[in-house]
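To convert, note that position 67 of the sequence shown is 67 in our numbering; the numbers rise steadily by one, no gaps.
In short, the hints are calculated from the structure, not lab data. Wrong hints could be hidden among the right ones.
[Stated by the list, open to error] Pair ranges (Cβ atoms, derived):
id	residue 1	residue 2	range
1	153	55	51 to 61 Å
2	142	57	39 to 49 Å
3	142	45	26 to 36 Å
These figures come from a predicted structure and were not determined experimentally. Note that the Cβ used here is the ideal one computed from N, Cα and C, for glycine as well.
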Amino acid sequence: MLINESYQTKLQNFIKMIDNRIHAVFNRNFFGIYEGTIESINDIQATLNISIPTLDNVLIENCRVCTPGISSSAHIMPKFEVGANVLIIFTSFKFSNPIVIGQISPINTIHTPLGQDVITIVNGIGSININSNGDISIVGEAITFNGTTITANGEDLTNDDIGTL
Numbered sequence: 001m002l003i004n005e006s007y008q009t010k011l012q013n014f015i016k017m018i019d020n021r022i023h024a025v026f027n028r029n030f031f032g033i034y035e036g037t038i039e040s041i042n043d044i045q046a047t048l049n050i051s052i053p054t055l056d057n058v059l060i061e062n063c064r065v066c067t068p069g070i071s072s073s074a075h076i077m078p079k080f081e082v083g084a085n086v087l088i089i090f091t092s093f094k095f096s097n098p099i100v101i102g103q104i105s106p107i108n109t110i111h112t113p114l115g116q117d118v119i120t121i122v123n124g125i126g127s128i129n130i131n132s133n134g135d136i137s138i139v140g141e142a143i144t145f146n147g148t149t150i151t152a153n154g155e156d157l158t159n160d161d162i163g164t165l
C-alpha cells in the first residue's frame, strides 16, 4: 500500500526520526556516573583500566582515582583489585578525563554497621576501632609501637622500672 504524504508530514517524520536518534544517545545518561569493573591496575602511573558493562563493556584506560582525604604525606586508599566494582565519572562530554570516585562494597557486605558511633579501619585481620567516647581498640597478630618516646597517660613507656623497652 503506497501512502502519498505531504511535504510537511515527511518533514515532521524526518525531524521526529532525528529527535529519536538524539534521545537514544543522550537518554542513556552517557555523561553520567557508571559502575565499572577493574580490568587492570597500572602501579607506575597510579591509574586503573575499567570496563563499563552498560556501555557495551567499553574499556576505559588510565582512569585517575579520587581519594577522599589526601595530602603530600598521608592518604587513605582502597585496596583496588582486578574484578572489583567501582564508580566512574567523566569530566568532559567524551571518554577522556575519567575519574574513579569510589569502590563499591560487595553485595551482602557491611563493613561498619549503620547506627554505631564507631570508626573502623580494617586491613586483613588487623583493625583499629575508635568510638565517640575516645576509646581506641587495636587488634592484630603483632602490634608494634615505634618511636623515640611512647607514652600512656603522660608516662614514658620506653623506660620503666626494669629498664629500657
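Check your understanding: Which hint numbers doesn't this structure obey?
Key -> The structure breaks none of the hints.
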